[in-house]
Every structure is written in C-alpha cells, then in structure tokens.
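Participant: Order-wise, the sequence lines are chains A and B. Okay, so the first sequence: first residue is 12 according to the numbering used here, each after it adds one. Okay, so the second sequence: first residue is 5 according to the numbering used here, each after it adds one.
Rather than coming from a laboratory, the hints here were simulated on the basis of the structure. Remember, predicted model here, so these are calculated numbers, not experimental data. Note that beta-carbon positions come from the ideal geometry of N, C-alpha and C, so glycine has one too. Treat the hints with caution; some may be incorrect.
[Said to hold, decoys possible] Computed far set for chain B versus chain A, every beta-carbon distance over 12 Å:
#1 A18
#2 I46
#3 E53
#4 A96
#5 P101
#6 L116
#7 A127
#8 V134
#9 R136
#10 A201
#11 V231
#12 A397
[To be verified] Which chain A residues face chain B? A few, computed with CB under 10 Å, are given here:
#13 L192
#14 I219
#15 G366
#16 V385
#17 I393
#18 L394
#19 N395
[Unchecked claim] To spell it out: a stretch of chain B is covered by chain A in this simulated footprint if at least three of its residues, at any positions, have a beta carbon under 8 Å from a beta carbon of chain A; those stretches are:
#20 159-165
#21 353-361
In case you want the letters, here they are:
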Amino acid sequence: MSEHALGLEGPRLPWPRARELWAGLNRHNLTNGFMACLFASTGPLAAYLASLQSAGFEPGAITSILFGAYAGGGLASIACSLFFRQPLALAWTIPGAVILGPALQHLTLNQSVGSFYVTGALIALLGLSGLVGQVMRQLPGPIVMGMVAAVFLPLVARIIPSVETTPALALPMLTGFVAFLAVPKLVNRFPPALATLLLGLLVIAWFIPWQPPEPSRRWLVEPSLLRPEFQLQAILEQVLPMMLTVIGIQNAQGFFVLRQSGYRPPANSLTLVCGVGTGLMAPLGTVPLCVTGPANAILNTSGLPELRFMGGVVFGVLMLLFGLFAPVTVGLALALPAAFIAVLGGLAMLLVLQGAFINAFSGRFALGALLSFVVTLSDLTILNIGAPFWGLVFGYLTSRVLEPKDFRQLNAA
Amino acid sequence: MPEPHGRQPPSRLAEIAAGLNRHNLTNGATAFLFATTGPAAIYLAALAEGEFSRAETISILSAVYGIPAVLSIAFCAAFRQPMAVGWTLPGAVLLGPALQHLPFAEVVGACLTCGALLAGLGASGLIGRVMRQLPAPIVMGMVAAVFVPMVVRMVSAMGEAGGLALAMLSGFIGIAVQPRLSLLFPPVLAAIAAGAAFIAVEGRVTVGGFEGGMIAAPAFFMPAFSVRAMVELVLPLTLTVIGAQNAQGFYVLRLAGFRDLQNRMTTLCGLGTFPMALLGSVPLCVTGPTNAIVSSSGPKELRYVGGIVYAVLVLLFALFAPVGVGLALALPPAFIALLGGLAMLSVVQGAFIAAFAGKFPLGALVSFVVTLSGISIFGIGAAFWGLVFGYAASRLLEREQFHAFSAA
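So here's chain B without its partners, still in its complex pose (with noise of 0.2 Å):
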C-alpha cells in the first residue's frame, strides 16, 4: 500500500536500531549467557567421551554456535518475530555414548542423514499434521525426565561442593527473590558472578594457554554412512528435534502470540543440519529456552530485536570460541553442574507444569517414566520410546479425552 504523504517506511536497519532497547538488551543478553554455559558444559562433556584434539574440540564447539548464530540472524529479521536456533541438546545427549562406540565420521553421517530427513519432512507438510496428533502433555513428560537429571546432578553438586554450592546458591537466591530485578539481571548470572568470586577467591583454577589463538579455525569431517549409526542416531535425532526441542519452540512462540511456521522451521533446521554437521555439530533446532526470554517483555513488534542482540553475541562467543572453551574447561564440574541445574529450573518446572496439569496426565508420566527409565530398544533411546508409550497409553486409557483433542 503506498504512503499517503509519500514518506518512506523506516528501513529495517533502522527499525532495527530502534529496537535495542533495555528489554530486548537485557532479554538477548540473559538468552546467551543460558544458550552458551550450562549447554556448552553439556555439549564438551559429550565431545569428551570422544577422542578429540583441543583445536578440534574447540572448532567444533565454534561451529555449534557459529552457524545458528548466523541463522537465527538472519530468520529472526526475516519473519521479523523472534525465532532463535540452536543445536539440539537432546542431540548432545545422545551424542556421548554413541561416541563410545561410533567412530565421529559416522555419527556425521547420521546428522546428515538427520537434516535430509528433516528437510523433507518439513517439505511435506506432515510435520504440522503429526504435532497436532501428539498431545503436547505426552511430549512434555517426555521433555522433563530429559531434564530432571541436569537438576538432580545440581543438588548432588551441592553434596560435593559445599561452599561453592552456598555461593552459586545465593546469588542465585539474592537475585531471584525480587522478581523485578530478575528481569533486568538474570539470577543466573549473579550464580555465575558468585561462583566465579568463590573459586577465584579459593584460587584453585589456572585457565590454560590459549593456544591456537584467540579465534577458531574451522576443522572438517567427513561423513560415513553406516547401517549401524542410521539405525541408533538418526530416528533419535530427527525425534529429539521435531518432538522435544522445536514443539518445545513451536509452542513457547504460539503462547507469545507469535508464528510458529511448523512446516518451514522444520525444513530449514534441516538445511542448515548440513553445514552444521560437517563441522561436527548435533542437528539444528527451534530453542525453546531462548525463544521464551527473548519474547519475554518489551513492545511485541521489537521483540524480534532481542533475538537478533542474542545471536550476535553468540556468534562472538562462537568466533572467541578458544578463549571460550579455555574458561569453560577450566571451571570445576561442580560448577558447571550447578548453573546448569540452576538454568535448567524454570524449564523443567514449566515441562512438569505443561505435562501434568493437562487433559493426558496417564500418557505424561508413561511418556516420563520410560524416558527415565533409560531403556533402548532396538539402539533407539528411551526418549523416542517415551513418546510412543505415552502415545500408546493415552489412545488406550485415555480415549476420551483424545476424541476431544482429535476433534479439536
């Protein structure tokens, strides 16, 4: 429609800059510091279990941030809304004890294999019609036992470091007692400041030299294609993404009276699964985490501003990834397993909220049980079976309460 007086529309760019405001500094600020500590400890701690060098370790760390950073960039100025990517935690998860018995090129490949899947299934629009047969309660009972050990290995944290724990503990208490506060400083972030001052006060920690420089050289893999690592990854990763970390997404966008673009999002995770893997990254995904703290205040139309402040400095953590790493890997587990606890809190809580005080309670704690269970059935892991379960469960048991969702 054209201007009445002729006067141009702001340019993006200008829109843009009016849209750093204090809120979306503060919420992309917080949404990093959460997308880059407790994650980033998760994601070394699988790479671990692997036989990797350093500059390997460190460049695959700079490609796990790097390239959503440059992704959610630039969704979030496209749709002009929040939409934040990431690389899927579960993926992590899963990745540590494939790598005990997966030589890395093949779990490449069965990222690969992951992101083709994931593209076309986007493609085909059965992405949106499977979400709306599984009822979110299920996915989220599944998304808590997922989650909860993070939380119980923070209150064992608190058995092994005891004045570490008190201090982390505090700031975090300090801060998150006045919930007006909290919004402008994350309780997490004083945790971390608390911390920090406890262990430099303790003076136990050397960071190491930060060889290799300040910034990250990229290190390829080259993909396998194994029977083997298809059959125990890529059902498990293309679930994990579709069914734990972008309805997670999906749906934290929805309650903010944004799009979710189920179809689309489904097929660009897959594409950009690709470079991702080849420089040794899980899948991409839509967060749910940061998506929710960067929608969380400030004028609705601006919020996607907040998006783009968090993927910015992602990517200077992504490109200062050794200096990074070097902090990361000098911190002691406890810490580590404290904030992680810490950040993790809010999320399991609205998982357990979301999954409990709905219409399919049965099918939630199914869903949860067998996720926790750690069963793997046909080197599928338990959280896939959690969903199926679950699923089985609710059809069965809670019939009617499924008509009326079907109907819906």
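Bound-form chain A, shown alone (with noise of 0.2 Å):
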C-alpha cells in the first residue's frame, strides 16, 4: 500500500481486473453482500424510522433522508472497496441516528444539517491530519475488540428470545444453520447463512401469518434538499458526540474486524472519506457516514480473502438501490417478522463475536479487555457520548495503569 505525504494511503495497485471481479461474483460474496446489506436495512433501519417518526416527518421525507443514508452508503462502499481492493462497507451511523431522534424535540431537521456539516469537516480534518492511524496503532487490539464484543453480543443474545416467541420459524433457521455447519463439506459449498435465510424465508411463506406491506404508489424515491443552519446549541450538542461516536465507536470496529480479518485497513483515508461523505450526504438529511464494524464482519465470514472485496461491491449496490427504492424497501423490510431479523443478524455475527471474544482474551491486556467489555456492556452515557466510546477509554486506562508490562511489549513489537 503506497503511504501519501500526508499520511493518506493510497490505492491498491493494480487496479482489478475485469475477470477479478467477475470471479469475485461468486456464492460466498453474494450472500455476504446480501446478508450485510439486510443486516444494515432492517434492525438499525428500525432505530433510525422510529427516531424520524417521533419528530413527526411525512413518509416523503422520510424515504428522502433514508435514500441519502443507503445510497451514499452504498456508494461509498463500492468506492473503497474497488479503490483499496478489500471488503469495506460504509454506512450511516447508528449512534448518529440514536442521538438525533431527542435532538430533533427541541431542534430542526436543518439545524441539524448544519451540524452534520461541521461534523464532516471536522471528521474530515482529522483524516488529513494522520491523526486517527496513529491513534489506532497505539491503541492494543484486545481493548477494541472488549468493545466489539460488548457491541456485538446483543445481537447475537436476540437469537435466544426470539427462540421463546417465535419457536415455529426459530427453530427450524438454528437448525437448518447448525446442520450446515456441521458438515464440512457443506460449508465451503453452501454458505451456512445462506441456508438460514432460505429456510426462513420458506418457514415464513409456508406456516407465519404474514401481512404484507402496502403496495406503494411511488417506485423511485423523490429526493429533497434541505438548506442548513448553522446555529451553536445545535452545533454544541451534536458535533462533539457524533464525530467521536464516528471515529471511536463506528469506525474502530470497522478498522479491528478488517485488521482481525488479515487486512491493513486504511485508517486515514477512510475517515476522509467518512468526513467528505457525511458532508455529501448532509443536504439531504443524513447522519453522518462511518465504516460498520457488523457489516465488515459479515463480510468477512467466508470466501477467498483476496476476492471479498467484491462482497464490499454487492453491498454497496444493492444498499444503492435499497434507497433508490426506498419508498417500496422501507415497507418490506419493515413488514419482515423480528425473529426472522432477529436469529439471521444473530447467526451471522456468531462467529464474528467468537472471534472478537477471543482477540479479547487470548492473555496480554485481558484487564483492559474487559473493562473495556463491561463498560460498554452497561450502557454508560457520558455527555451525551455512548458507552463505547468510554469502554476504550476506560480500557485504555486500565491497562496503562495495571498492565504496563503488555503496553513495553506492544511497543517494543
């Protein structure tokens, strides 16, 4: 990877070939892109429509703002993982959207936008400064990944009560996922993920009662500009929380999964990217843009190392035409049952959590590990700021004062 002057990474030469990305096209990359993309389109689609509900936005607003948040994402993602030739999904972020929903009690959606612009300048700023890779080369892995683990273990526990709700559809995914990962031969042929989603579906089709969306009047989204206003309550409460929400929470999962992966994620470049985007995507009402740390990991689960960036590529498009279509999207995949959702995400990150609890705690700061595992686990808000965020603090902290012996080593390495 060739390093800029300005410490920005470059691209991955040579560029891909046609015939790379054709082969790239293959079973495990299109289920991967397709997994991830349902995964970023249903549960955080959720959080982000129930937050624009509250503050009361007609459905044509709203598929305006989700268009910004899937297509810019999707764009994005197809962007980068072409340009540095590996798996790297871009999406809205999902504290982003946490934070704005009681924002928008006592502010504009327009403000609002002109919080988000300062945001990505700022984001932005902090890529070109070779800040954030410096930052993440100091910070030890085991830390992050206590962090990832606290993230990621809610999604995989909803498997267990959704196996209480619902056990007719349950039962028969964990299975059908169980089953297929147990035959090896299976594994590499059939994704296992593949297999939950096809028996699901089929479960759902068959026995569930099922109520299908409205059929909408509108195929392609309408999109509308909003103008910004920069106004300093707004700026105040929501740049601070989003930016380090973006850098420490979102897009440090993102970097740790690709690095646990076997990539060099280019960690200035992105947040670049991350900051033009979000400042890209604000007119239309979008909370900024980070790297995901769920859908990378998704990603990440199977196929050849060397072509998973095109599983980045089929997330991107098909996240690209989730918001073209928004107003028919949005409806079904709402309409899907939430155990369906719920033990499809879940499995998908099993893995991915098993990885991260064994980066955690394989031995050198397993202190800081878990603090860093606890705090976000408790839900912790400070200023406003997510309990991530303060999980790495903490864990840092913790391990600079108790393990200082892991930290010579890490430095010494």
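Mind docking these for me? Both chains are given alone in their own frames, and the hints should help you get the complex.
Facilitator: If you want it as structure tokens, here you go:
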C-alpha cells in the first residue's frame, strides 16, 4: 500500500481486472453482501425510522432522508472496496441516529444539517491530520475487541428471546444453520447463512401469518434537499458526540474487524472519506457516514480473502438500490417478522463474536479488554456519548495503569 | 518408615505453628476479606427477597460462614494441602428469585436433596468421569456469564456514586499498580479502607445497635419437600456446585500442583450440605477464588496453613455475625457493588481467558450467551442450559477438538 505525504493511504495497485471482478461475484460474496445489506437495512433501519417518526416527518421526507443514508453508504462502499481492494462497508452511523432522535424534539432538521456539515468537516480534518491512524496503532487490539464483543453480544443474544417468542420460525432456522455448519463439505459450497435465510423464508411463506406491506404508489425516491442552518446550540449538542461515535465507536469497530480478518484498513483515508461523505449526504438530512463493524464482519465470514472486496461491492450495490427504491423497500424490510431478522442477524454475527472474544481474551491486555467489555455492556452514557466510547477510554486507562508490561511488549514489537 | 536416629517427626500442631509465616498470614487474611465482603452482600441481598427477621438473617449468615470454616480447617489439616470450602455463590444467586415464590422450608428441602445427590454422585465415582467429559472452556463460559453482571453493576455504581467510586478505585489502583505491594496488601483491602474513609467523612451511615448481643444464636429451619422446589432448585444447585464451583476449585488446585480429590471432595460437600441446609444455608462447595489465593505464595508444603488461617478468621466472622452483618447492612449499596466488582475482576478475567483462549471457543461462547440471557426452561436456570447448549455446540461444531479432547 502506497503511503501519501499526508499519511493518506493510496489505492491498492494494480487495479482489479475485469476477470477478477467477475470471479469475485461468487456465491460467498453474493451471500455475504446480501446478508450484510439485509442486516443494515432492517434492525438499524427500524431505529432510524423510530427517531424520524417521533419527530413527525412525512413519509416522503423520510424516504428522502433514508435515500441519502443508504445510497450514500452504498456508493462509498463500492468506491472504497474497489479503490482499496478489500471489503469495505460504509453506512450511516447508528449512534448518530440515536443522538438525532431526542435532538429533533427541540431542534429543526435544518439545524441538525448544519451540525452534520461541521461534523463532516471535523472528521475530514482528522483524517487529513493522520491522527486517526496513529491513535489506532496505539490502541491495543484486545481493548477494542472487548468493546466490539460487547456491541455485538446483544445482536447474538437476541436469538434466544426469538426462540421463546417464535419457535416455529426460529428453531428451523437454527437447525438449518447448525446442520450446514456441522458438515464441513457443505460449509464451503453453501454458506450456512444462506441456508438459514432460505429456510426462514420458506417457513414464513408457508407457515407464518404474514402481513405484506401496502403497495406504494411510487417506486423511485424523490429526493428533497434541505438548507442548513448553523446554530450554536445544535453544534454544541451534536457535533462532538457524532464525531466521537463515528471515529471512536463505529470506525474503530470496522478497522479492527478488518484487521482481525487479515487486512490493513486505510484508517486515515477512510476517515477522510467518512468526513467528505458526511458533507455530501448532509443536504438530504442524513446522519454522518462511517465504516461499519457488523457489515464488514459479515462480509468477512467466508470466501477467498483476495476476492472478498467484491462482497463489499455487492453490499454497496444493494444498499444503493435499497436507497433508490426506498418507498418500496422500507415497507418491505419492516414487514419481515422480527424473529426472522433477529435470528438471521444473530447467526451471521456468531462467529464474529467468537473471534472478538478470542482476540480480547487471548492473554495480553486481558484486564483492559474486560473493562472495555464491561463498561460498554453497562450502557454508561456521559456527555451524550455512548458507552462503547467510554469502554475504550476506561479499558485503555486500565491497561495503561495496571498492565504496563503488556504495553512495553506492544511498543517493542 | 522409622526414623534412623529415633527422632520424632514434628507433630502436626508444630508444623502448623511453623506455617504461620508472612505468606500464609497475608494470603489467609486476603482470602478472608474476599470471601466475607462481596459474597456476604450477595447472600444478604438474596435473603432480602424472603421474609426473615433480623435474628434469622444473622443466624443464617453465621451458619453460612461458620460450618464451612470448621470444615475447611479439618480438610486443610487432614489433607495437608489447601482445600478451602465455602457456600456456593451461584446457589445464593438462585436463592433470591426462588424466595419470591417459594416458602423457605421448601428451599431447605431442596438443599438437603442436593446434598444427598452430591454425596451419592461423589461416592459413585461419576463426578470424575463426567468432569473429564466436559471441556473446561465450556464451564468457564458459563462462569464468566454468571459473574459478568457483578462487574457491570460496579460500572453502574460508578455512575450513581461518583465520589465513593473515585475513592475506592483510587485505593484499589494505588495498590494494584505496584505488583509487589499488592502481594502484601490486597488492593481490595485498600478499596475497602478508602471507601470506608469516604463514607465516614461523608457521615451518612449510622451503624445500628447490635440487638441480640454480639454472638449469633443458631436458628433451625425445618425442611419441606415439594416437587416444584425440587424441579426448580435441585438440579441447578447440584450442577452449579459441580460444574461452576467445584470445577473452578479443582482446576485451581491442580494448577497449583495439589491433588483435587474430585470424588472424595464431592461426597464431603454433599455431607457438609446437610447441617448447613438445616441452618438455612445453600450447599457447600470447593471454592475457586479462596483456594487460588491461599495457593498463591509461600513454601508449597506449608500452604495449607494459609487455608487454616483463612478458616479461623471466617469462623470468628461467623461467631460475631451480628457485628459483621450490622456493619455490612449499614454500608451503602454502591459500596458493596463496587467492592464485589473489584473483587471479582480477576476471577472474571481468568474465566474469560480460560473460556476463549482454549480449544472450544464456540462452545464457550454459546455457554456464555445462553447463561447471560437468563433464560429458564422447565424451571432450571440459564447456567445449566448454558452448559447443555455449549456442550451440544462443541459436540456438533467443534468435533475435531472434541475427538482430541476425548482421546487425551
């Protein structure tokens, strides 16, 4: 990887050839890209939708905002995956949507758009400064993985209540997953996640009473642009939490998930992309752009590592389509049974969570990893900034103070 | 073998006196503090779910600590190696919710049955065989999930009582940063001192009068045997004693180079459970943390004296339970939560490492997630299902490791 003067990482050369692009459209990348998109466009979508609906937006305005969120993330994913030739899933930031909800009770969306611009500019500057890459190198992997494990844990744990509430759907899906994973010959030919997905859809089609969404009159989205208002209160309230959650929670997860899968994520360049992307998405009223943890983790569950970047492209294309046809797709995604999404998402994250735990507790920095895990799990919110960020802070401090030996070895290595 | 020059070997008492060295005294006192602060609060919290008089609460707490203390002295002296026993912590965790819908007599009945089951299982030699079948990482995943909420509560307490938390954490970290110092002076003790000082300065705590004197009077509880209590409690109690507690204790002892005496100790735990249950205690087990602490330093052949030091201190605590409970009850919940979390920190860390650095990470993960979910099937708590599903997951999906494990 070539290193730019500013610390920005350049493209990974040579550019992928047409033959590689085609070979990359294998069943693993297609499945994983689809699964990652399904993951991003269901659970998180519901959270975003809830905060927009509570602010009283019209359906038309909502689809325009979601178009920005999904199409923006999709385009960025396609471009970055090809440019850096590694699976890079970018999407709107979930903590951002969580922060937005209460803010919209006393601020207008136009004022928030102003904050998004400022956030994007600051993130871009941080990327240009090369600081992010440096901090990421200083932060021991186990501490980040403790945080990642605590963030992913509830996604996996949701499987269990789903089995209790909807066993008719959850049990066949679980059985299918275990069966396909248990037969080594099948695992490589047919991704267990795909088997789970198909089994679930079969059960839904035949056995589960299902309410299809009302047919929408429009197919394509009609984007409407918002004029930003720069207001001090909005900036004070939103910019710091959004910036820190993008860099300290979302991107940190994404980078370490990629590192765990054997890639060298271009931390500075991706931070710059997130900043610029945030600015470009802002006029549509969309919360900032980030490198996602879960989607990248799903993209890396199977397939040849050197072709997995095409999984990122598949993910990006599907996200783009999801955004373009938001009037139809949003209704469809929300009509899927909650247990289906919970089990599918949980199983997709299972091996990822296992990897996070193994990395967190393999020995070094175990106490820091434990603190980072526990603080993140505790949901502690300080200064409007979520627990995962404080998990990293306290985990790092713990290791600094109580595990100095591990740090000496890290710096010596 | 006769001594060549007719010199008598030193008597056991003389050896114990010789074993009262700095290491054993420190380790015994440290283990004592760990065993009587956080865990006592857990037991008190569980008892608060039932309707006990103050005198009954004190009596139960006295039995909970007194009987295991006497037995620990006996076991350490008889086996000449650390072999501390105590009441089972997961048992107390099970006790709280059970008391919300079961009369205490039925709980006592379930504890007695658990004791009989333990004695029988130990005598049959089955325990050793089953434990060899169950990979340790799967057990450790369950153990980690049982203990994680205690550490999470510590973090929540930091948010609720910032000043107190700061004082206690400074005390803890102040000692813990110097590994040599923390061997002499347990960091948790520093946290207790700092927290107590903070509470005293803040002056919000008034320790109640010690009604009923300083020494606890025993109260007996008659057992009642009901199917619902059996179904809900016996299996989880037995399984957590065997699978969560004794497994830890045996593992710790083996690691320190001592015998674990699995079958014999399981039987003794069962027999010891009888008097404990009649005095209102959950079953007896071989404790992990205590044995780990008393096995941590000093000449190896004398370490059992550290276990005796520990047990004598616990016995004193049990005798003067009214004072101990008075002190414990007067403490703010945040203090207990912080203390419990700090004391558990290294245990949870060890459990996580044992769970995920081994050969069965998926089984450990499933066991961890299921236990943490708190799901209860057929009235049996999540910890048991964690082991079951964790084992099943490893059996199905980590087959190669399993074959290697069974062959070894």
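Participant: Now, for every hint given, state plainly whether the structure supports it.
Facilitator: Consistency of the hints with the structure:
1. A18: holds, 41 Å
2. I46: holds, 18 Å
3. E53: Correct as stated: the minimum Cβ-Cβ distance to chain A is 23 Å, above 12 Å.
4. A96: With a cut-off of 12 Å, A96 (chain B) remains clear of chain A, as the shortest Cβ separation is near 21 Å.
5. P101: Fine: 17 Å to the nearest Cβ keeps P101 (chain B) off the interface.
6. L116: Since the minimum Cβ distance to chain A is about 32 Å, L116 (chain B) lies beyond 12 Å and the statement holds.
7. A127: holds, 37 Å
8. V134: Check passes; 24 Å lies beyond 12 Å.
9. R136: holds, 24 Å
10. A201: Holds, because the least Cβ-Cβ distance between A201 (chain B) and chain A comes to about 21 Å, which exceeds 12 Å.
11. V231: holds, 24 Å
12. A397: violated, 8 Å
13. L192: holds, 6 Å
14. I219: violated, 22 Å
15. G366: holds, 8 Å
16. V385: Where the cut-off is 10 Å and the nearest Cβ of chain B is about 5 Å from V385 (chain A), the hint holds.
17. I393: I393 (chain A) check passes; min Cβ-Cβ to chain B is 8 Å, inside 10 Å.
18. L394: violated, 12 Å
19. N395: Violated. Min distance 14 Å.
20. 159-165: holds (count 4)
21. 353-361: holds (count 6)
Of the hints listed earlier, those the structure fails to meet are numbers 12, 14, 18 and 19, in rising order.
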